[in-house]
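Novice: These protein sequence lines are chains W and Z, in that order. To convert, count from 1 in the first sequence and add 98; that's my numbering. To convert, count from 1 in the second sequence and add 6; that's my numbering.
Simulated from the structure, these hints should not be mistaken for laboratory data. Hints may contain errors.
Said to hold, decoys possible - Here are a few chain W residues that face chain Z, going by a calculated C-beta distance under 7 Å:
id	residue
1	LEU202
2	LEU206
3	PRO384
4	PRO439
5	GLU457
6	ILE460
7	ASP462
8	LEU471
9	LEU474
10	LYS476
11	SER478
12	LEU482
To be verified - Stretches of chain Z that chain W covers, calculated by requiring three or more beta carbons in the stretch to come under 8 Å of a beta carbon on chain W:
id	segment
13	34–47
14	209–220
Just so you know, even glycine gets a beta-carbon here, dropped at the ideal spot from N, CA and C.
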Amino acid sequence: MASGLLSDQHSSTEAEYFLYVDGLKKHFGGVKALDGASFSLKRGEVHALVGENGAGKSTLIKILSGVFPFDEGTISLSGVPYSPTSPHDAKSSGIQVVHQEFNLLNHLSVAENISIEALPRNRFGLLNSREMNRRARVALDAVGMQDVDIRAPVETLGIAHQQLIEIARALQSDSKILILDEPTATLTERETKRLFKIIEGIKTKGVTVVFVSHHLDEVFAICDRVTVFRSGITITTENISDTTPDGVVRHMVGRQLAQEMETGLDTHIRDDIALSVKDLCVAKNPRDEGITFDLRYGEILGIAGLVGAGRTELLRGIFGTDPVRSGTIARDGQQVSFSSPRDAIASGIGFVTEDRKDEGLILDMSIAANISLASLKKLSSYGLLRFPEETQMARNGSERLKLKYGKLTDPTSSLSGGNQQKVVLAKWLARNPKVLILDEPTRGVDVGAKAEIYSILKGLAREGVALLIVSSELPELMTLSNRILVMAGHRVSGALARPDFSEESILKLAYGQNMNVGGDPSAAIH
Amino acid sequence: MLPSIDPAEDRDRRGISVRSIVNSAGIGLALIALILFFSVFTEHFLSPNNLTNILTQITINMILAVGMTFVILIGGIDLSVGSVMAFAAVVAGKAITIPGMGPTELIILAIGAALLAGVACGLINGLVSAYWALPSFIITLGMLNIARGAALHVSDAKTIYSFPFAFEEFGSALLFGIPVVFLVALVLVLIAWFILNRTVFGRLLYGIGNNEEAVRLAGHPVFWYKVAAFAICGLTAGIAAIVYMARLNISSPIAGIGFELNAIAAVIIGGTSLSGGRGSIIGTLLGAFIIGVLANGLILIGLNDFMRQMITGVVIIIAVILDHYRAKYMSR
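With the hints as constraints, model all of the structure from the sequences given.
Specialist: This is the structure:
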């Protein structure tokens, strides 16, 4: 279906480039978000931007849509230099963005939301609601939403409809480029198909659609060309018809990470059990059935599952952060009960949290202060800090993790995502944990740092540390784990040994319990 | 890149203090500019008498602002310090006028009573706001009323006076022209600086103001640290009460109305962020000086008290605007 339309498009638009981006650079503090991005858009094409988190896609989008200016490079739009100074500027140049987080006013009606940028007025300067409603109807019909009541408050609609309202709003003005930032992340399979139909309709009107997605199957279903980002650089732009999903992945991850993912685990799992969890039911678990597993020294146990499967809640329950309803935890065979993270830490557990900005780091504080945060008792006497020892600890930690930084006294916010994550790791490694729990250890980390973190984690397992890793990236879990536990709806739906790992088998288990709820498994698991 | 072994690193290894010095530098310059301005445009500003006067005038605000800095650093606020000071003063006034005891015992008793009353109010503020995770703005607003009511109740709405002579002596004593009560405030500033910059407790107060959850997940008892910050604020209100009594030789249940706002202003002008996590005690000291110098200088220049109040208000707003730009600059 897509390919038929595709060839029509090629003949009619005559491969006319009208947006050129060349050598675009942008840095935030010491972090290079874009370090030479180049790409171009044809009229009426669907162009995919792919790359790992932090590869520079969203920075490029924000520059194109006027959220912030760029440092170096050139952009030209229809042959004229283009450097928008505000989102309004970008919109009047015909570039519209539908962000991942919607910018809708939830209590206002659909019609008001669609017209919010330029509310029609009558000659007394009052709101002309008839005209407003007419425009809204036209805009909604254009994206095939005849069934939506324009007077309904936006909050009463589902996510898919809210997104289409954003798209309708973007399209009602004279748009040349419509950028969709991960539009399918929250959609079900059926909703995604409907969105794709709408995208094809938009494209026939000569509007260029830029499609940002993590899902290569979607990219290959509807896009004409794909540009791959890695570490702030555009690696390549290819015609979809000339490439394969595997080829795109190879461009995305780069050689270093590909190598790290291909080398096997040479860990030695010991006989003694480091952490034994039995029938553990966290307070947030809606069921009465608990989680049971054993984790041995030197083992890496991965936990897979969809968003909402209860993985993070389980980790927080083990670490004493969230209350536990029932069940037992044993450390080295001794039953324990952690009433706070303090107790868990005292028994040799470390916890690298999912969200380093909200839970892991004190961004305004120095790198040294963050690395020492969990070891202050060791670095003080009578409550007084011993600064030389703190500096030494920070220096050792950053050498061990190959941290790239200016000075140890620089605020942690000056580091890139990957290096920030290394600081979180260094904080826990400074305590020599026996058990290390990690929740999404490489989220928002560039591929180089990702490869390094993989090798650090494997190294820890070799040293005998027991690791428990939750990740939504299946390739990551399959690279790192000796065993994978799959969770669905707050229970273990299956366990896989390393020889049995495959994305399919994991997905099937992750999805088993949620099948009736609906939704695209790959959409939720990535 | 190899980890740099920079000699500068060893000098400025404390959590955030390098940046706090940069922060304070601007405020220091502003204070010097003010002093120069008033020295040039008024006759008596630099006279020894007037300087002693300024130091006396800013003492109480400085003491209250020290405690306020602890609370604001963890992202809280304490609106009750003025009332708590009055309550502590009245309790101490009751104690110090107990008949049939020697002056030394009475003074010790009064000081103990004031400190205890202050800490008790601070503890309540801290325990309630930390336990139920409620905004300290509301809790301390409640305490503002409770402490004021208690002060009026305990004193029967009457001013208490006739204190031991030695006590009154302490309030007006000078050491090389510097009021002894000001030296007390200065010692408090030094202690606070030490706590905030050299102890685990101080480090974690900054941490809590920045990211409470990260501190908690690193295994620290955040609850008690927060309670302690409020208790310290209450303690300084108790100390301020003693200084107040010694200076004026009375305990009035209606003392200290609006003092909390001056203390907050000193902290904010001093560059401490209202959202917590960033700031310094040196900034607070300078902030208290700026308010005091402005008040004194503007009156010397011939403006009335109402004008002075307006200008102080403008200075607070300018300080916050400057802080906004400073925060932007720092995050770059």
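Novice: Take the segment 34–47 of chain Z, compare each residue's beta carbon with every beta carbon of chain W, and decide whether three or more fall closer than 8 Å.
Specialist: With 0 residues close enough to chain W, the hint is violated.
Novice: Go check the segment 209–220 of chain Z versus chain W for me, would you? Three or more residues, Cβ under 8 Å, otherwise it fails.
Specialist: Our answer is that it holds, as 8 residues pass the Cβ test (under 8 Å) against chain W, meeting three.
Novice: With a cut-off of 7 Å on the beta carbons, see whether LYS476 of chain W makes it to chain Z.
Specialist: It is violated, given that the least Cβ distance between LYS476 of chain W and chain Z is near 11 Å, above 7 Å.
Novice: Classify the hint on ILE460 of chain W as holds or violated, based on whether any CB of chain Z lies nearer than 7 Å to its CB.
Specialist: holds, 4 Å
Novice: Per the CB criterion, is PRO439 of chain W less than 7 Å away from chain Z?
Specialist: This hint holds: PRO439 of chain W lies near chain Z, its Cβ roughly 5 Å from the closest one there, short of 7 Å.
Novice: Holds or violated: is the Cβ of LEU471 of chain W closer than 7 Å to a Cβ in chain Z?
Specialist: holds, 4 Å
Novice: Using Cβ atoms only, decide whether SER478 of chain W comes closer than 7 Å to chain Z, and label the hint accordingly.
Specialist: holds, 5 Å
Novice: Against chain Z, run the beta carbon of PRO384 of chain W and see if the smallest gap drops under 7 Å.
Specialist: violated, 24 Å
Novice: Does ASP462 of chain W meet its interface restraint, that is, does its C-beta lie within less than 7 Å of any C-beta in chain Z?
Specialist: holds, 5 Å
Novice: Min Cβ distance, GLU457 of chain W to chain Z: is it shorter than 7 Å?
Specialist: holds, 5 Å
Novice: Identify whether the interface hint at LEU474 of chain W stands, where standing means a beta carbon of chain Z within less than 7 Å of its own.
Specialist: holds, 5 Å
Novice: Taking the least C-beta to C-beta distance, is LEU202 of chain W closer than 7 Å to chain Z?
Specialist: violated, 28 Å
Checked against the numbered hints above, the structure breaks hints 1, 2, 3, 10 and 13 and satisfies the rest.
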